[in-house]
Amino acid sequence: MSNLPVDEAIDPLTVTGRPDGWNRPPLIEPDGEGELLEVAMGPHHPSTHGVFRMDVALDGERVIRLKPVFGYLHRNHEKIAEGISYLASMPYTDRLDYICPLTNNWAYALAVEKLTGQEVPERAEYLRVILGELTRFQNHASSIGFLIQEMGASGTPLMYAFREREKILDLFEELTGARMMCNYMRFGGCRVDPTAAWLDKTRKVVAGLYGFTEEVDRLLSGNEILMARTQGVGILRPELAVNAGVTGPMLRASGVNYDIRKVDGYSIYNRFSFKVPLGDHWDVYDRYMIRLLEMRESIKILEQALKDIPGGPVMDPKAKIRGFRPKPGEAYGRIEAPKGELGFYLISDGGPNPYRYRVRPPSLINLTVLEDMALGANMADVVLIFGSVDIVLGEVDR
Amino acid sequence: MAVDEGLKIELGKQGVLVTSLQELYNWGRRNSIWPMQFGLACCAIEMIATTMARYDLARFGAEVFRPSPRQADMMIISGTVTKKMAPQVVRLYNQMAEPKYVIAMGACAISGGPFKQGYNVLKGIDRYIPVDVHIPGCPPRPEALLDAFITLQKKIDGQHLTGEGRPRHLDAEAQGEFPVPVQGEHDLEPASNPGVWTVPVVIR
Amino acid sequence: MKTVEEIKAAIEAAVPGAGVEIVPNPSVSGQHSLRLDPATARAVGKFLHDDTELALDFLSNVTGVDWPDKEIAEKVKVTRTVTKTVDGVEQSVEETVDETRKRVEPGCLEAVYHLYSVTRKHGPVVLRMRTVNRTGQVSLPSLTPVWRSAEFQEREVFDLFGIVFEGHPDLRRLLMWDAFTDHPMRRDYVEPDDFDYEPTAHDEVLARAQAHKDAAGQGTEAGQ
Ligand code: SF4
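Residue numbers (our numbering), protein chains in the order written: chain S, 1 to 398; chain D, 1 to 204; chain Y, 1 to 224.
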């Protein structure tokens, strides 16, 4: 296909030096005994993550090659969004990463606000932070639950996670009218103003969340099976992580200090004090631990935000949310979503619909390194490594 | 079948259980519907939520999710079926042993839902396989899924084992396998299975 | 962080012959971009990645944009000689008239890259590259050898827009199946005709709204 030579001199971290695709020679030498076994894991459930397929070549139990196959949930979000108005895409963003609808709303609202220059009132910023951190909490809780489920502990940890998630979903439902598809943020603010009772209820729920992190910590962190299965498995070196565009807890578990909440300081995150946990073994256990610690930091942010939330409007009264035509131009807005950097790239040609609408999906790009982490691992560990990436197929395939 | 309902209850009070083969058979079938562990999109998360402690699907005898189609009785199409996935869904359905049932959960599985305009989205799974219960919603609440279960149980309960309208697995003539669509250059071929689905007629 | 002008100067100093052009962005976001010449793009990419001051080590987003052929109608003043009869004598007279001319501006496919720096925590720097046209010459150099994160994203652009990335180690379709032949994100893509008409509640609502409008004596199209 290509007539340009692949540049030999370029960093070996990158994919250069690996000839074409599935047919390239294995990176790891098979031991020469027996045959390679090719297994298609999925698309009907390789684990609890949805319609994803991994084509794996095995030498005994060892993984020699792994090629992810995408597209089983490609729902044409971008194409549809280019045919409808800016506002009409908002409910579709809920369905990208369907575990965390509110952060998706937020990223999209942020990108449109960048494009049009709309201001967000202070109360709305606080609400966005509160909802964003609640979303992060429940995402990390479920992701730990799913990870342990994939380890073989069928049910129990996931049930604990979902117990907590239900509490948070109840808050979402009370505020936005929907458990999962909240469709809450708007360009220049939020859709409805919460009542004082809702805020009180949220404070109560948040106060109870510490108990959950403690419980998970006590139940799992020192668990011998968990440690044996995850420590030293699926190591991702920081240089590769940065080069491959890995973001979110995955990147920080590899010891790279890059949290967009701190780096960009978008919204009002610079007002809160919180830490960015970093891993130093770069393995699956670190990714589990980072999520646990991030949950604690989220509670800290939540407490501060719930304490200081000011009164005032939740929508900029001058903001136009429907029927506007941004000036021709483009904008890229990004936030630290629970799974990584979620970005929206919009090009306006002056019309009521975006000319180009692109979602930068953290889940897809984090999977770039899946093969590198899985090579040489045992087949049973592949599922764990895959689970530790924490993806949602709605976002991978869009 | 010929036993009078009132007499049956009366006998039940005396400790005598009177039943018919059909009732017994359907009772057994309806209370152990094992779903296939298989989720497609956002609706699958609500399906998982249904199986968790709060909604507790186990109350209806359906908590045993089987990863293999051979061991499952029911398929919950929970989410958007894309054209890339549709052949696999049909194939999985074919691999399930009779008697088998399908719940189409959510707007997407019914008709494509919010993504109906998409070029890669199948406009309803009932174009290829027969569906027993449709649940509207985007996503349907866990309660709606529970209701679908109860509806399905009622349906099983009402089935006669002989004669017209008997379940497919007792009908030697019935179609067991459904053709798997092929992924063509532009679209799935054929775009629907005319044996299962016909284009709706608009009456004006 | 350096401004786009400074980055342009730095590139031109480091990579001789790099044709870099600034594409201004008139929107409030103010994210201006740099259009690279495909011939030197990979060298420029490597420079941006390795330069200690810019250190753009993190390629966040890769995407394609389709710019179809545009028909531009413009009014031009044309001077032409016409033969007229003036005072009974035939003469050639110069006359200026307005004429509408149609010109087709050839379209292209564009790849857009958003770069950030993890080490220096700045960004974004936006790079763009254009193909020659939309039909035959649709190849661009792949930047995957510089930033691994382009691997899947360039495959996606290849799949949905049809840009062929030269030097990509594994250029296959990412989202659609292999037998698929179209590039659905292009603006002239024709969707398969599988949208059979199904009556929906919506139709009834529309018909009722139309009836109300008709009754009020302001008939407009349904669906407005
Ligand atoms: S019906 Fe709605 S919630 Fe369910 S899969 Fe479709 S888009 Fe997702």
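Among these hints, one or two may not hold up.
Below are the PhoX-like pairs computed for lysine-lysine, each with C-alpha atoms no more than 25 Å apart in a straight line [claimed, not checked]:
{"no.": "1", "chain 1": "S", "residue 1": "Lys327", "chain 2": "Y", "residue 2": "Lys70"}
{"no.": "2", "chain 1": "S", "residue 1": "Lys275", "chain 2": "Y", "residue 2": "Lys102"}
{"no.": "3", "chain 1": "S", "residue 1": "Lys204", "chain 2": "S", "residue 2": "Lys307"}
{"no.": "4", "chain 1": "Y", "residue 1": "Lys75", "chain 2": "Y", "residue 2": "Lys46"}
{"no.": "5", "chain 1": "Y", "residue 1": "Lys2", "chain 2": "S", "residue 2": "Lys262"}
{"no.": "6", "chain 1": "Y", "residue 1": "Lys84", "chain 2": "Y", "residue 2": "Lys2"}
{"no.": "7", "chain 1": "Y", "residue 1": "Lys2", "chain 2": "Y", "residue 2": "Lys46"}
{"no.": "8", "chain 1": "S", "residue 1": "Lys262", "chain 2": "Y", "residue 2": "Lys70"}
{"no.": "9", "chain 1": "S", "residue 1": "Lys262", "chain 2": "S", "residue 2": "Lys275"}
{"no.": "10", "chain 1": "S", "residue 1": "Lys204", "chain 2": "S", "residue 2": "Lys167"}
{"no.": "11", "chain 1": "S", "residue 1": "Lys262", "chain 2": "S", "residue 2": "Lys307"}
{"no.": "12", "chain 1": "S", "residue 1": "Lys300", "chain 2": "S", "residue 2": "Lys327"}
To be clear, the hints were calculated from the coordinates, so they are not data collected in a lab.
- request: Against the earlier hints, flag every one the structure doesn't satisfy and list their numbers going up.
  value: When the structure is compared with the hints, numbers 2, 4, 6, 8, 12 turn out to be violated.
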